[in-house]
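Asks: If you're matching them up, the sequences are chains C and W in order.
Quick note: the first sequence, position 96, residue 345 per my numbering, numbers continuous.
Quick note: the second sequence, position 51, residue 56 per my numbering, numbers continuous.
No lab work stands behind these hints, which were simulated from the structure alone.
Built from N, CA and C at the ideal position, the CB exists for glycine as well.
It is possible that part of the hints are untrue.
[Claimed, not checked] Computed beta-carbon distance windows for the label pairs:
{"id": "1", "chain 1": "C", "residue 1": "D412", "chain 2": "W", "residue 2": "V126", "range": "35 to 41 Å"}
{"id": "2", "chain 1": "C", "residue 1": "A500", "chain 2": "W", "residue 2": "V126", "range": "36 to 42 Å"}
{"id": "3", "chain 1": "W", "residue 1": "N175", "chain 2": "C", "residue 2": "D425", "range": "48 to 54 Å"}
{"id": "4", "chain 1": "W", "residue 1": "H118", "chain 2": "C", "residue 2": "D412", "range": "32 to 38 Å"}
{"id": "5", "chain 1": "C", "residue 1": "A408", "chain 2": "W", "residue 2": "D8", "range": "27 to 33 Å"}
{"id": "6", "chain 1": "C", "residue 1": "K461", "chain 2": "W", "residue 2": "N175", "range": "40 to 46 Å"}
{"id": "7", "chain 1": "C", "residue 1": "L279", "chain 2": "W", "residue 2": "A176", "range": "32 to 38 Å"}
{"id": "8", "chain 1": "W", "residue 1": "V126", "chain 2": "C", "residue 2": "Q383", "range": "57 to 63 Å"}
{"id": "9", "chain 1": "W", "residue 1": "G120", "chain 2": "C", "residue 2": "Q454", "range": "51 to 57 Å"}
{"id": "10", "chain 1": "W", "residue 1": "A176", "chain 2": "C", "residue 2": "C366", "range": "52 to 58 Å"}
{"id": "11", "chain 1": "C", "residue 1": "D412", "chain 2": "W", "residue 2": "L186", "range": "58 to 64 Å"}
{"id": "12", "chain 1": "W", "residue 1": "H132", "chain 2": "C", "residue 2": "D457", "range": "24 to 30 Å"}
Given next are the chains, with one letter for each unit.
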Amino acid sequence: MTAAIVALGVVVGLLGVLVVGLLRSHADVLRALHDLGIGEDDLAAAGTAEGRRTAGRRTTRTTGEIRMVPGVAAPGASSSLGRLVDVSGVDPHGGAVHIGLEGSRGLTLLAFLSAGCSTCRDFWRAFGTDEVEQVPGRDTRVVVVTRGPEEESPSEVAALASDRVTTVMSSAAWDDYDVPVSPYFLLIDGSRGVVGEGAGGSWAQVVDLLRKAAADAGLVLDDEGGRPRFTRRDLLVGRDRELRADRELAAAGIEPGSPELYAPLHAAPGDGADGEDGAR
Amino acid sequence: MTDVSSYGITARLPRGWDARIAKRPDPAGDPAGPSTRAAPEEGISTRSAPAEGDPPGPLAGTEHPVAHLANFPLPPVRGDYGSGAVELMRADDIFVALVEFEPEAASTPLFSHRGIPRFGVNDFSPHTMQRTIAGMCGAQAFFNRNGRAFCLYVVLGSHALRAPLVAQVNALLAGLEIDPL
Chain C
250 MTAAIVALGV VVGLLGVLVV GLLRSHADVL RALHDLGIGE DDLAAAGTAE GRRTAGRRTT
310 RTTGEIRMVP GVAAPGASSS LGRLVDVSGV DPHGGAVHIG LEGSRGLTLL AFLSAGCSTC
370 RDFWRAFGTD EVEQVPGRDT RVVVVTRGPE EESPSEVAAL ASDRVTTVMS SAAWDDYDVP
430 VSPYFLLIDG SRGVVGEGAG GSWAQVVDLL RKAAADAGLV LDDEGGRPRF TRRDLLVGRD
490 RELRADRELA AAGIEPGSPE LYAPLHAAPG DGADGEDGAR
Chain W
6 MTDVSSYGIT ARLPRGWDAR IAKRPDPAGD PAGPSTRAAP EEGISTRSAP AEGDPPGPLA
66 GTEHPVAHLA NFPLPPVRGD YGSGAVELMR ADDIFVALVE FEPEAASTPL FSHRGIPRFG
126 VNDFSPHTMQ RTIAGMCGAQ AFFNRNGRAF CLYVVLGSHA LRAPLVAQVN ALLAGLEIDP
186 L
């Protein structure tokens, strides 16, 4: 009886060691996948060819990326992150359009659309309504870029184009930024170039992804009724706290260089800023 | 530097500048044309030239080319003389409008200056704005070039700091070319 109990204990112990080992191995695999930037969504989509393409490409990018959803084509092999080229072309009525991006103020969202692409319809529609105002950032401008008149029908583009956004027909822009498909979006900062890129199935989805891309790139988007939004980076480096402290000091009449800043913390009543503690 | 050209107007743009060169269609023409894209400007109904010294005004709806050049992002909808855009300007911003008139106007006294003019610091005044905006100033000039008549209208974001901005404007105008019709 005793031998049976001991044997059972040994078996249970061995099984416990085995379970712990398996759990550790599983944790190692998850940690490795996490380090590669592959999350649960990618694993869920990995059963499809699209998912495999997306998941594979994710390993080469770390910042400012707009993630693709299943059913939306993944970007080309070459990333445009950091690229900064002005966009030159014509409007659908034949006039010249030049969008100066190098050193430009604020953010620019280049929306690469096509008149014949069914997925693009939601974007053409949204850009003709107040929905376009949902673009993150108060100064962010939206510029629709189609291929040039040699590849797109100007009259079709004119029928879809909205007064609310600038529309430029430029095949050169598609080449400059290696745009693989339509719809495709590039978020551009005038000093840093492309800070986010990717595709989405609807305007609402792209807006959400743009916010994440901007936050990942450390861009402050002051678009909530004038109330400043702090990025994750600001919060991590304590900029929020620093700004709040500056505001409260200014409200109390304490400016940079004010003698109060140099006064001893626990000075006795009557001690001035030049008291003993301050002289130490 | 980037060259932008359309309708016989070529502008050599410094880095980061925006440009649009468009032609307003005949109002009786294509209803889907860009006439629907013009921002309304106050008191606009005629296509005749403004009197010299008057603030620029009435010309939205002209079927002649209009060029807008700016060192800030131009909004999609603007009046010929920049309404809709100048309100967005900051202190170091520049807006340039080149508005063409009927070729017959080129032989009138108002457009008698030949060639693309240059501006001096004293040419700018807050009162030359189409609509006065605190701190800003404007200047306008009429000229003819290769048989074509133009009004050149410039807005600066800061009257107090206009000297360096005027230098930028003149550098831009030096790169402007106008071909014969």
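Asks: May I ask you to test the hint 32 to 38 Å on the CB atoms belonging to H118(W) and D412(C)?
Replies: Since the Cβ atoms of H118(W) and D412(C) sit about 35 Å apart, the hinted range of 32 to 38 Å holds.
Asks: Falls inside 48 to 54 Å, the C-beta gap from N175(W) to D425(C)?
Replies: violated (31 Å)
Asks: Given a hinted range of 40 to 46 Å, is it respected by the beta-carbon distance of K461(C) and N175(W)?
Replies: Since the Cβ atoms of K461(C) and N175(W) sit about 45 Å apart, the hinted range of 40 to 46 Å holds.
Asks: Is the hinted range of 35 to 41 Å satisfied by the C-beta distance from D412(C) to V126(W)?
Replies: Taking Cβ atoms as reference, D412(C) and V126(W) lie about 37 Å apart, which means the hint holds.
Asks: Could one say that the CB atoms of H132(W) and D457(C) fall in the range 24 to 30 Å?
Replies: Hint violated: Cβ distance 48 Å, outside 24 to 30 Å.
Asks: Hint says 52 to 58 Å; check whether the CB-CB distance for A176(W) and C366(C) agrees.
Replies: Check failed, 42 Å falls outside 52 to 58 Å.
Asks: Has the hinted range 36 to 42 Å been met by the Cβ atoms of A500(C) and V126(W)?
Replies: Holds: the Cβ-Cβ distance is about 41 Å, inside 36 to 42 Å.
Asks: In this structure, is the beta-carbon distance linking A408(C) and D8(W) contained in 27 to 33 Å?
Replies: holds (30 Å)
Asks: Return holds or violated for the Cβ distance of L279(C) and A176(W) against the range 32 to 38 Å.
Replies: violated (59 Å)
Asks: State, for the Cβ atoms of V126(W) and Q383(C), whether the hinted interval 57 to 63 Å holds or is violated.
Replies: violated (43 Å)
Asks: Taking the beta carbons of G120(W) and Q454(C), is their distance inside 51 to 57 Å?
Replies: holds (54 Å)
Asks: Indicate whether the distance between the beta carbons of D412(C) and L186(W) respects the range 58 to 64 Å.
Replies: violated (29 Å)
In this structure, the hints that do not hold are numbers 3, 7, 8, 10, 11 and 12, in rising order.
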